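Residue numbers 7 to 98, in the numbering used here, belong to the letters of the sequence shown in order.
Because the hints were derived from the structure by calculation, they are not lab data. It is possible that some hints are incorrect.
[Unchecked claim] Simulated crosslink set (DSSO-like; lysine-lysine; CA at most 30 Å straight-line):
| # | residue 1 | residue 2 |
| --- | --- | --- |
| 1 | Lys13 | Lys51 |
| 2 | Lys42 | Lys82 |
| 3 | Lys82 | Lys13 |
| 4 | Lys87 | Lys51 |
| 5 | Lys14 | Lys96 |
| 6 | Lys49 | Lys82 |
| 7 | Lys96 | Lys49 |
| 8 | Lys87 | Lys14 |
| 9 | Lys96 | Lys51 |
| 10 | Lys96 | Lys82 |
| 11 | Lys87 | Lys13 |
| 12 | Lys51 | Lys82 |
| 13 | Lys13 | Lys96 |
Every value quoted in this text rests on a predicted model; they were computed, and no experiment measured them.
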Amino acid sequence: MNQSSLKKRVLQINAQYGAEVPVSAICQRYFNCSVKTANERIKAKVFPLPAYRTTDSNSGDYYIDADDLAALIERKHSEAKVEWEAANGKAH
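Given the sequences, and given the hints that come with them, work out the whole structure.
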């Protein structure tokens, strides 16, 4: 994973959402699921990133760390690039 690319991705996410990213703001875009489904996955410990609440209330929103989201996006991008290059005869 390219550290420069990762840093840029973290800065972009921080600018858009802040360091603590509300799951409700990103679940549809990045995980193709509703808030309800994301919350169920978080509670079942099968959500792809660690999520937490900033309060002790069970009704509060879940958050993920911007660094974790950026690392996931970069990893998925790298995997897709390798697959694309292999399919298109490109060297990586």
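Do the hints match the structure? See the list:
1. Lys13 with Lys51: 27 Å, holds
2. Lys42 with Lys82: 24 Å, holds
3. Lys82 with Lys13: 16 Å, holds
4. Lys87 with Lys51: 29 Å, holds
5. Lys14 with Lys96: 25 Å, holds
6. Lys49 with Lys82: Status holds; Cα separation ~24 Å.
7. Lys96 with Lys49: Not satisfied, since the Cα-Cα distance of roughly 42 Å exceeds 30 Å.
8. Lys87 with Lys14: 18 Å, holds
9. Lys96 with Lys51: Measuring from Cα to Cα gives roughly 38 Å; hence the hint is violated.
10. Lys96 with Lys82: Measuring from Cα to Cα gives roughly 18 Å; hence the hint holds.
11. Lys87 with Lys13: Holds - the C-alpha atoms of Lys13 and Lys87 are around 19 Å apart, at most 30 Å.
12. Lys51 with Lys82: Answer holds: Lys51 to Lys82 is near 20 Å, not above 30 Å.
13. Lys13 with Lys96: At roughly 26 Å apart (the allowed maximum being 30 Å), Lys96 and Lys13 satisfy the hint.
Violated hints, listed in ascending order, are 7, 9; each of the other numbered hints is respected by the structure.
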